[in-house]
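*Asks:* Start from chain G and add chain Z according to the hints.
Listed below, chain by chain, are the residues.
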Amino acid sequence: MTGFIVRRILAVIPTLLGVTVVIFLMLAITPGDPAELLLGERATQESLDAMREYLGLKEPLHVQYGLFLKRIVQFDLGETIWTREKVSTEIKERFPATIELAVAAMLISSSFGIILGLISATRQYSWFDYISMVGSLIGVSMPVFWLALVLMLVFSLTLGWFPMSGRLGIDTNLEVITNFYLLDSILTGNGEAFWDALRHLALPAFALSTIPLAIVARMTRSSMLEVFRQDYIKTARAKGLSEFKIVMKHALRNGLIPVVTVVGLQFGILMGGAILTETVFAWPGVGKWLFDGVVKRDYMVIQGGTLLVATTFVLVNLVVDLLYAVINPRISVR
Amino acid sequence: MNENAPAKMGWGHLAARCPLRARNPEERHPIFDQIEKFLKNKTGVAGLIIIVFFTLAAILAPLLTPYDPNENALYEQLKPPVWAEGGAAKNLLGTDDMGRDLLTRMIYGARVSLTLGVVSVGIAFLVGSFLGAIAGYYKGWPDSLIMRIMDIILAFPHILLAIVIVAYLGPGLRNAMMAIGIINIPRFARIVRASVMEEYGKDYVTAARAVGAGNRRIIFNAILPNCLAPIIVQASLGFGAAILDAAGLSFLGLGAQPPMSEWGAMIAQGRQLILRAWWVMTLPGIAILFAVLGFNLFGDGLRDALDPRLRD
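As you go down the protein sequences, you meet chains G and Z in turn. In terms of this note's numbering, the first sequence opens at residue 1 and continues consecutively. In terms of this note's numbering, the second sequence opens at residue 335 and continues consecutively.
Pulled out of the complex, with its shape left as it was, chain G reads as follows (with noise of 0.2 Å):
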């Protein structure tokens, strides 16, 4: 187990140097001097040369490489070409937001999806099981963007039960501590912002737990099918144990294992399709601040937006192997 755990950890050191790589050679192979895309076209000669001294550009690119290198481990990302202000300053601001945002997805994702599984599978073939799979399926096809603004027309424009954009009113004060808007409440004992900022995550929450939902229930679905064909199963029923016993002491547990694999992975998955749900309810997020870097061509935004976000994705795929490692005894022996 601690051989496994100790290479799974070292593995990821290659990847993330590959990311690295990556996210520094995009900016290399991009015609143009990469002091002027990173400054802007507006940049004086001075700021110009002083950013080609920063960056090495007289150096050779492995040099250049080293010193990118050297930057990101002091966590030195540049500045933002239009707002002048650190990067590293940007995303402490704006990460709580996108993970705030990701959880809550996660949470509706994975209670629903597993509950939808599960009354699936313990009725096979019945109506609800039909037509909660063709429920799953048309979730996984539909694009996340336009069903955020069917949302946003239906239950904002039109019933006006949600606010349409953003975390918070602009009447609302919260006074911030951890940019975690519902902790922050909490914190401070603020019921009404906890209440405005509940209502304002709740759409696009909804929006961006469409697509984790449908894969959790099919997932959960079809593994639970299968516990149910094991002897063990069949042993409880024997006993006389009640339906609701063997299913929720005996077959869940088993039956979970591979969802819990399915549900962080997903998880970073959310990462990335959050720059399209928080773009269209202008939440504040580090996806909707990467997307607008595109936009605007601020390459410091880019490369620290995609760096923070693909590191976050494969820790969270770390963690989940080793949570996999640890609920299922069977991968030890690998």
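There's no promise every hint is true.
[Unchecked claim] With a Cα cut of at most 25 Å, we get these calculated SDA-like pairs of lysine to any residue:
#, chain 1, residue 1, chain 2, residue 2
1, Z, 374, G, 127
2, G, 296, Z, 607
3, Z, 371, G, 134
4, Z, 473, Z, 389
[Unchecked claim] Between beta-carbon pairs, the in silico distance windows are:
#, chain 1, residue 1, chain 2, residue 2, range
5, G, 319, Z, 534, 33 to 39 Å
6, Z, 534, G, 21, 26 to 32 Å
7, G, 170, Z, 397, 51 to 57 Å
8, Z, 389, G, 241, 50 to 56 Å
9, Z, 456, G, 199, 42 to 48 Å
10, Z, 456, G, 176, 45 to 51 Å
Since the hints were derived computationally from the structure, they do not count as laboratory data. A quick note: this is a predicted structure, and the numbers were derived from the prediction, not measured. Note that the Cβ used here is the ideal one computed from N, Cα and C, for glycine as well.
*Replies:* Chain Z alone, transformed into the frame defined by chain G:
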């Protein structure tokens, strides 16, 4: 699949063993059993019907509609669909803010989406299969090198990498197709690598080597035709994903550029009109939904028929 069926080299044996020509059922190639099996799968066939529907719409576009997708009609702006108040049969699904017929643009949009699906899946398929075959056949350092590169591509969340590639290459449909092709290479590479490794030790490969076939011939004429099943399944599922990703890129303004009638770009345009004309934003999304659903159903059906081991 019939495990005992002799795996043959090349593609010509298929024609020789088609059901019409085979003298007895024993000689019938297993692929025809698989086609039969697929046709019994209702959802898979439903997917196929949807795909055929969209393909026909794309090919016959000029015959299906009297309008030009990019022709502005100043007096016909924002007409609602025929069933809504104020709608007319002249524009069945209404018009956009430039008076362009929405149904016409959606039909022509099928052309764009299917083309980009073919191109991007084609890139991923060709490059991915090639790299996967090399990695699986030669093993050793080529395998390590190729698969590490694939791991790095997979280290980026799907759509993020496409967005970043387009950000550097510049927006446009061509670059979007390329980006989507690149991000899908690892899927094919992994599948082909695994299949090639599985086939490598089989007798027919040894036989081919014994009769003096070179590595290239063994890989492409002997092994690859025998690992087609999972590749085809992946291609169908990947096609749907490519349509979704491309729509996302176009929605963000990084893919197809106006006035091209691409579904994602049409949704982006409809977004500005969300309060005045719900149909401009809503209807193209339904087209995407059905097209992607078609490829997903078809892919699932194929998987069940060709390679039951791949079921989730």
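*Asks:* Decide, hint by hint, whether the structure agrees.
*Replies:* Cross-check of the supplied hints:
A C-alpha spacing of about 21 Å is found between residue 374 (chain Z) and residue 127 (chain G), which places the hinted pair at or below 25 Å, so the restraint holds. For the hint pairing residue 296 (chain G) with residue 607 (chain Z), the CA-to-CA distance comes to about 24 Å; that is within 25 Å, so the pair holds. Pair hint residue 371 (chain Z) plus residue 134 (chain G) holds up; C-alpha atoms about 21 Å apart against a cutoff of 25 Å. For the given pair, residue 473 (chain Z) sits about 40 Å from residue 389 (chain Z) by alpha-carbon distance, which is inconsistent with the 25 Å threshold.
In this structure the supplied range 33 to 39 Å holds for residue 319 (chain G) paired with residue 534 (chain Z), their Cβ-Cβ distance being about 35 Å. Between residue 534 (chain Z) and residue 21 (chain G) the CB atoms are about 31 Å apart, so this pair conforms to the stated range of 26 to 32 Å. The supplied range of 51 to 57 Å is met by residue 170 (chain G) and residue 397 (chain Z), whose beta-carbon atoms lie about 53 Å from each other. Between residue 389 (chain Z) and residue 241 (chain G) the Cβ separation comes to about 53 Å, which falls inside the hinted range of 50 to 56 Å.
Checked against the hint of 42 to 48 Å, the pair residue 456 (chain Z) and residue 199 (chain G) passes, with Cβ atoms roughly 46 Å apart. At about 49 Å, the beta-carbon gap between residue 456 (chain Z) and residue 176 (chain G) stays in the expected band of 45 to 51 Å.
In this structure, only the earlier hint numbered 4 is contradicted, and the remaining ones agree with it.
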